[in-house]
Every structure is written in C-alpha cells, then in structure tokens.
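S.K.: As they're listed, the protein sequences go chains A and B.
According to numbering that gives the first Met the number 0, the first sequence is numbered sequentially starting from 0.
According to numbering that gives the first Met the number 0, the second sequence is numbered sequentially starting from 0.
Hints listed in this document are in silico derivations from the structure and should not be mistaken for laboratory results.
This structure is a prediction, so every number in the text was calculated from the model and none was measured.
Errors might be hidden in some of the hints.
Footprint (simulated), chain B over chain A, 3 or more residues, beta carbon under 8 Å [to be verified]: (1) 19-32; (2) 40-48; (3) 51-58; (4) 101-108; (5) 120-126.
Quick reminder that beta carbons are idealized off the backbone N, C-alpha and C, glycines included.
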Amino acid sequence: MGPWLATAARLLLGGVLVVAGALKIPDPAAAERAVRAYQLLPEGLVGPVAFGLPVLEIAVGLALFAGVFVRTAALGAAALMVVFLVGVVSAWARGLQIDCGCFGGGGEVAPGETAYPGEVVRDTALLLVALALARRPRSRLALGGPPAADVPPDPAHPTELTDAR
Amino acid sequence: MPASPSQQSRRASARQRIENRRAAEAAARAAAERRRRTVIGGVVAGVVLVVALVVVIVVQMQRTATSDAAAVPADTAADGTVVEVGADDGAVPVDIWADFQCPACQRFHQVNGETLEQLADEGTLQLRYHPIAILDRYSTDAYSTRSLNAAGVVVDAAGPEAFAEFTDLLYANQPPEGGAGLSDDELIELAAQAGATGDEVEAGIRDLVFEDWTARITEEASRQGVTSTPTVLVDGEPLDLRQATPATITALVEAAAPE
C-alpha cells in the first residue's frame, strides 16, 4: 500500500469510526437497547458496553485521522470490526429481527426490514482496510510516524511529513 | 611544512570516518529519543483513553437512570407498563408494543384496530397496550417521548378507554418522520377529544410529568426482547405482521379462546 493509499485508508476508516461513535453518544438509552437487542451480554454488561464502545470507536478513529499510533489504531479498528461482525453474524444466524445499531439508534427495525448482508459486507470491507493499514501503516499527512525500526527510510521521499522529527 | 598528498588523503579519510561515526551516533540518539517519545505518548494516550471511558460510562449511566420515585400514571397495570382495555375475564390477551411515531404501527392500527377494539368490547380478547418511545431521533422535537407522555397523562386523568381513543387520534394525526411532531397545543386538543381535560392535563402534557415513566417502560420493553414495532402477541404467541388482517387475527383469537 503506497503512502497516499494508506492516507486514504486512514481517513476512510477513521472517519467512519468517529461518525459511528459520535452518533451513539447523544441517546444513551437507545445505545443500551441496541446492545441488548443482540441478546449476547448479561444485563450488567449492557450499559458499560453500550457506553464504552463509542468511546473506543472515537479514540481509534481520531488516532487514525491524525495519523498517530497508526499501526496500533489499525489493529484496534480491526478488533472492533471483528466484534461487530461476530455480533451481526450471530444475530443473523439466530434469526433476530434487529438493526445493527452501527450508526446510532436502538437496534429496532421495522418488521421484515433487516439489512444483515449489507452490514456484513461493509464491516468485512472495513476489516480488510484496517488489516492492510496495520501491515503498511506508513502514510502521508500523518502527525506521528510508525516506529523507525519498522519502516526503513524511504529515499524516494526524504521530506515526508512522517519523518519530520 | 605543507602536507604531502598521501598525508592529506589519510587525514581526509580519518575525518570521514569520524563524521560517519558521529552521524551514526546522532541517528541512534534520535531513534532512542523517538522511541522514548512514542512510549510516553502511548502511556499518556492510554491514560487519557481510560479516563475518557470511565467518565463517559458514568455520565451516560446517570443520563439513563430513572428515579424510583418517578410518577406512574393511574389506571395502568404491570408496574405502569401496560394499559389494559377490556376485561381479562377469560379473554384472550393481545399484547401490542407500539410507538406513536411508527408508521408500521399506524398501518397495523388502521387495518386491525377497529376489529381488536370490537373483540375487546365483546369480551373475547383483552387489549394490552405497551406504548413505548423509541423513535425520538425521527422527529425534531422528541415526538415519541412527548406523545407517550401525553398518552400517560390521558390514561391517568380519564382511564383506559380514553387512552384507546387517544391512540386512535394520535395515529390518525401521525406526523411524518423527519419533521416536527404535533405541538403541545395539538396534543392537548386531542386529549380533550379523547375525554381528558383540565389544567392538570394541560400542565402534564406541557411539563412532561411522565417523562421518566416513558423512559422506564421503553427500557422494560427492551429487556423483554422487543426490537421492532409493532410487536404483537396473541395469547402470548408472536403475530406474523405480514399476515395480520382482521380475519386472521379474529381466527387466531377464536382458536385461542376457551370454549
């Protein structure tokens, strides 16, 4: 992945995560309902997960957006996508009638209007982007750089922003 | 004495070696400094993240907490979560979870509401309304919560029959999703048509006196596994909404009714 492509991946993944996290903050009761609708967690964990996940999404998204700790953030994003995929696929497999609640909302759907295939495709695509970025985190327009040991200096781009320090 | 060419070249290569070593040392120092900054940055970021997690979780828990002392409308059953229309005297229970902002609920009510009310009047079934507010984000003024609060005010002031009448009126006047809901004045007007009038009704609708109740019964429905509206149970069995017509519902109710 070239440095500009990595930048595009960072902005895409970071943007999606920040938006998805931010949309879950204003209505915490809906966030709880969305998590509960998966019927995977005991009641005591529903609140902490519903309120904590958006913070993780926003934190990972901001790191990707800014270009700091890119490899760690990309691995974090990949882990989040795996969690979301497990949730959505298991809900689908169990025949639950829910919305993924990915971008806010309480997980409720109108009868017969689930969208599991689209949700799985989207999360899988984002997972692949995250993994590719974790493999090649070097990118343009980043505030921080990957550790020097991981990435040999690139003679073709001696003035790259990542090497500014 | 001028240096000979061979001495000059030896000195030059010695200088070169020293410069190379210095450059390597400087690079090593810079790398160590970068690593140090990365570690410090990572620790700071980790601490900030943990603090943010704790703060947000605590704040959101407070935002969703409802007071145990919250007012519950009179004439409701099951800890305020159900409004029962019709006697339960051997009647088949029909449970309906619905949101006054929900178009599918409106359609269900317009197609089947009259039949259900008639069967309730005859004592064949008991309507058990579980009104909830899950669609606040589909209006600009939290209409789900405001309409549910108004329905709580109506049942509190005028009883379950007035609640059923108010439900009819709310669906007949359902605002489209995405805009403003009915105003408080309009809700007060509809409440009056349903038989709930007076200063207390007006104040209850304007001041959202049952707001905590709306949050609590919505949460209760979620705990019971309701994830779409309308959710309808006939004698405890989920009704397939695609096949919900007055005829199929009547047949189901009659099949469930004791002889």
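S.K.: With reference to the structure, classify each hint as holding or not holding.
M.R.: Comparing the hints with the structure gives:
1. 19-32: holds (count 8)
2. 40-48: This one holds; 3 residues, not fewer than the three required, reach chain B with a Cβ under 8 Å.
3. 51-58: holds (count 5)
4. 101-108: With 6 residues in contact (Cβ-Cβ under 8 Å with chain B), the coverage given for the region 101-108 of chain A holds.
5. 120-126: violated (count 0)
The structure fails to meet hint 5 from the earlier list, while all remaining hints are met.
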